[in-house]
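Asker: Each chain, letter by letter, is given below.
There are 2 protein chains.
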Amino acid sequence: MEGVYTPEIWIGVAEKTGIPELRLTTRDISDYNVLMKKRLSILSENRITIDDIQGVVASLDPLPGALDFLNWLRSRMPVIIVSDTYTQFAGPLMEKLGWPTLFCHTLTIGDDGAVLDYNLRQPDAKRKTVHALKALNYDIIAVGDSYNDISMLHAADTGILFNPPETVVADYPDFPVVRDYAGLQDRISRLLEP
Amino acid sequence: MEGVYTPEIWIGVAEKTGIPELRLTTRDISDYNVLMKKRLSILSENRITIDDIQGVVASLDPLPGALDFLNWLRSRMPVIIVSDTYTQFAGPLMEKLGWPTLFCHTLTIGDDGAVLDYNLRQPDAKRKTVHALKALNYDIIAVGDSYNDISMLHAADTGILFNPPETVVADYPDFPVVRDYAGLQDRISRLLEP
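In the order they appear, the protein sequences are chains A and B. Position 164 of the first sequence, counting from 1, maps to 164 under the numbering used here, and the rest follow consecutively. Position 83 of the second sequence, counting from 1, maps to 83 under the numbering used here, and the rest follow consecutively.
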């Protein structure tokens with residue numbers, strides 16, 4: 001989702017709240033669980049509730065052209081967006097994208113709106129989604145932009161990097177790279193030719 | 001899809017083409033493969049192409065209230081429509097429903113638009129979809145209206161019959177029955193309560 005259809009939500013939250021530490025990503029703290037606990041403690045210290053975050057997310061827009069591309073894609077094949085975001089974050093952006101099917105994680109929210117905990121749906125959820133859909137006899141085209149997408153791209157019949165950081169391209173030179181929706185549309189169109 | 005979100009496509013095709021034999025369903029010919037071969041031979045005899053059928057489907061509308069219900073549902077959980085229809089039939093109706101994710105079957109179409117063959121994605125595709133999604137740690141609510149949904153409803157955590165024929169209710173009295181979207185929304189809402 002983030003980096004392909006939408007901007008990065010945590011960076012938006014960092015900017016709107018003026019808390020630069022919320023910009024930290026797995027590029028800064030490689031252990032995702034350590035990173036998430038850090039984020040939750042920052043939210044708690046600053047009394048930032050889920051309502052505050054949803055307000056920030058509601059002020060974000062999908063990337064320019066994302067909705068047109070997504071409509072083109074879902075008129076041609078079943079589309080599922082698999083993300084490491086949380087249902088309670090993604091809602092306002094999903095609405096702007098016409099409610100695509102989103103597989104992601106969930107947050108535990110207190111009665112006062114405090115973000116108490118995060119619940120990963122399962123380990124390595126992106127790769128497992130590919131395996132589950134292959135069991136349904138689908139050929140899978142997986143598109144991602146970063147390190148947490150690599151196991152999914154490897155598992156798919158076709159893996160494509162979308163506008164990735166140069167470090168990802170250097171580390172995984174075997175995946176085709178596209179830089180924008182026109183390039184992605186062109187590559188997928190060629191896969192669909194008989 | 002058909003019976004829950006949309007009218008029955010084959011019945012629409014039968015009415016618009018004036019070929020009553022196309023109204024036959026698995027209630028008349030219980031073996032689906034026999035029924036489909038019969039349908040394809042009727043299409044061939046009458047030189048009805050995929051363009052003709054898509055024209056009929058484009059003239060159909062989703063059931064009244066379907067889009068509102070679907071929007072309510074997909075703002076609350078990931079939604080996948082699992083159907084025994086074919087991608088080449090469903091398109092115009094899916095567009096009217098805002099392109100929900102649809103898992104179904106495909107047709108082989110000739111260069112002249114003739115419907116040459118049908119390709120079931122896999123046997124017992126509805127039930128297998130439930131199993132695949134359970135492997136992704138989802139609790140599954142399955143909704144269907146007829147006999148070809150029963151194995152899916154059994155496999156799900158919760159199975160609900162939507163406006164089913166009385167014969168289905170009589171044969172499977174253990175499933176809760178709802179008659180309209182308000183009833184379905186109410187039942188799903190109660191499942192979502194903590």
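Please note that a few of the clues may not be correct.
Just so you know, same-sequence chains aren't split out, so a pair can sit in one copy or run between any two.
Below, simulated BS3-like cross-link-like pairs (lysine-lysine); rule was C-alpha separation at most 30 angstroms, straight line [as the list claims (entries may be wrong)]:
(1) 16 to 128
(2) 134 to 37
(3) 37 to 16
(4) 16 to 96
(5) 96 to 134
(6) 16 to 38
(7) 134 to 16
(8) 128 to 38
(9) 128 to 37
Calculated from the structure, these hints are not laboratory results.
Asker: Decide, hint by hint, whether the structure agrees.
Answerer: Hint by hint, here is what the structure shows:
{"no.": "1", "hint": "16 to 128", "verdict": "neither (34 angstroms within a copy, 44 angstroms between copies)"}
{"no.": "2", "hint": "134 to 37", "verdict": "between (34 angstroms within a copy, 28 angstroms between copies)"}
{"no.": "3", "hint": "37 to 16", "verdict": "within (20 angstroms within a copy, 61 angstroms between copies)"}
{"no.": "4", "hint": "16 to 96", "verdict": "within (20 angstroms within a copy, 37 angstroms between copies)"}
{"no.": "5", "hint": "96 to 134", "verdict": "both (29 angstroms within a copy, 28 angstroms between copies)"}
{"no.": "6", "hint": "16 to 38", "verdict": "within (18 angstroms within a copy, 62 angstroms between copies)"}
{"no.": "7", "hint": "134 to 16", "verdict": "neither (40 angstroms within a copy, 37 angstroms between copies)"}
{"no.": "8", "hint": "128 to 38", "verdict": "within (27 angstroms within a copy, 39 angstroms between copies)"}
{"no.": "9", "hint": "128 to 37", "verdict": "within (24 angstroms within a copy, 37 angstroms between copies)"}
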